[in-house]
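**Q** Chains as they are written, first to last, in the working numbering: chain U, 1 to 283; chain E, 1 to 368.
Think of the hints as simulated: they come from the structure by calculation, not from any bench. All residues carry an ideal CB built from backbone N, CA and C; glycine is no exception. Warning: the hint list may mix true and false statements.
[As the list claims (entries may be wrong)] For lysine to aspartate or glutamate, the following DMTMM-like pairs were computed, each having C-alpha atoms within a straight-line distance of at most 20 Å: (1) E:Lys159 with U:Glu141; (2) E:Lys159 with U:Glu42; (3) E:Lys215 with U:Glu232; (4) E:Lys87 with U:Asp44; (5) E:Lys215 with E:Asp197; (6) E:Lys220 with U:Glu232; (7) E:Lys213 with U:Glu232; (8) E:Lys356 with U:Asp140; (9) E:Lys356 with U:Glu42; (10) E:Lys356 with E:Glu207; (11) E:Lys356 with E:Asp209; (12) E:Lys87 with U:Glu42.
[To be verified] Far from chain E by the CB rule (all over 10 Å, computed), these chain U residues: (13) Trp6; (14) Leu14; (15) Gly37; (16) Gly40; (17) Phe91; (18) Leu101; (19) Gln193; (20) Thr194; (21) Ala208; (22) Gly229; (23) Ala245; (24) Phe271.
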Amino acid sequence: MRQRRWLIVLMSPLALWLGLLFLAPLATMVVFTFRAGSFGPEHDVFTLENYRTFFGNPTYSRLLLSSAWISFVASVLSILLAYPVAYYLAFQAGAHRLTLLLVIIVPAWISFLLRVFAWKLILGSGGLLNIVLMAAGLVDEPAPILLYSRSAVIVALVYSYMPFVALPIFVALQRIDRSLIEAASDLGGTGWQTFRDVILPLSMPGVAAAFFLIFIPTLGEYVTPLLLGGTEGLMFGNVIQSQFARALNWPLGSLMSLAVLLFTLALLAVFVRLVRLEDWVQA
Amino acid sequence: MRRHTKLYNRIAFVAAIWLAIVLPAACGQPAAEMGAAPETQAGADSLTILDWAGYDAPEFWTQFAQAYPDVEVDYTYFEQDADALAKLQSGFQVDLLHPCSSWWGLYVDAGLVQPIDTSRLKNWPDVVPEMAKLGEFDGQQYFVPWDWGYESILVRTDKVEEIPASWADLWDPAYAGRLSIPDSAEVAQVMAAVALDIPNPWQTTPEEDALIKQKLLDIKPNVLTYWTDASELSQMMASGDVWVAASVWTDTYSQLMADGVPVEYVDPAEGRLGWVCGYGISSNAQAPDLAYAYLDAILDPESSANLSNQFYYGTSNRKAFELADPALVSLFKLDQPDVLQQTVFYQTMSAEHRQKITEMWDEVRLAP
């Protein structure tokens, strides 16, 4: 009984936090999706008009899918790039492990906006890429190569979120019992076999965590596509922003935000069904 | 309409919106009660102004400071017009507010501003009538126009072979992949309408809507990217990513010139676009007398000239250009009376129209 009381005391700040800053706003948002206007008399009118607008216009659902695709590609690329780094840190780096870990994290200390903007300078007409290409005689006139496109958005997202991907994978690899690896080689497994059959499956929970750690925030991204996306790389966050900040249509903006949330939850549910994490661990 | 804001400010704005939605709900109070506590006295010792950042400069209201040395002027800032309207709608307590012309009608419709007795303003006769007209609703003056400026085409003269002579020229394939237009439904709508010779972009028929949408889809091959704030655009023009940009403000032009970037500010055949902003007196103003005194102080020719010299904007006072920097006056033709007839000023826009063009712009931007 006493323990339980302590548990309640310890949990209540978190519960309060979640309730006040997550659940209450979420409920407000859901209520707003049924309102006819942001304020004034229309504020109190119940309507399904927003749902008609949203589902009646294929532009929005198409954008949600293409944004999810951008996030998916960015997540997969980040994991592919981060995995070897995490592997090296966990198994090879030895005493330098902490220093190297710091090196990976340091860029995240710089303002996010600044790092996105830096890509404009690197890929832009007067940028590093063009200077190199000009010097090599590959192009005659500087042009914003790769910039203002979906690829530019993916490149910048991968760059920005990579540190967050490397960490959970590193932790998962770190936790692997070394005797399992020794046992694998005792039984005649080659390096590749050991990796494929022992290390990789055991690190999968870390990879899955990393995937969602990057997929969910990038799906809501708005700054990176705004600065680098040009005419083809816009994401769902951008239309939400224009409903709130330009059209002053909070009801439709709320519905769009809700749509992203439900979409992400649905993906998560499917993922959990398909890939049972415990199976990976037991394998 | 103003885009010379920084991106991080926009992020803060989104956060602010969240708070605005969340707090009233969390406290279980109607939104109207959430504003600052009202002043106790009508003959108050302070004046509250909802304004754009930068407009608090003392040289804009010296007469007011001299007449009322003990009155404290409190500024609250907003980043975008939508932000200001949302604030007022949720019961925010101010005396004066400073939105731009295309939003004025929404304040009047919602009863957020009170009619202004212009006979109480001694500088009112010097206000340009065309601009005064924009602030008039149902025969009453609700807004006093003060600052205005151009939005036009800016060109890197060293990069393009032919400088565009009109808005319609922006569709020329010669600028393929080198044009930047603002990420704004309102500007896109007006720009396309002007190029199509549609007389009133603020009230369009369904046929005109279809034409405008198609016109904007047609310009996409030319568009490299949509620009969102003035400093971002400056960087893209200076670096040479963008050669032609639409709807650029005069301050960006003068800044790039000062930096030695070869640019020309076009005088398009259809006329430049023009933004106008001005002050309204809130319907729940606590210090209306002080508000009138403040309005008269900013309308003073000298205060107005100070604004022109500082921001490279025009002002509504006809006498101000005589006192402003002559180079500035000739550059922007501030002294030519017919310039106002040639300029396409943003008109007031209904909420429905704004919603319609936002959806249209989403569809254009997101078209494959």
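**Q** Of the numbered hints stated earlier in the document, which are not met by this structure?
**A** 2, 8, 15, 16, 22 and 23
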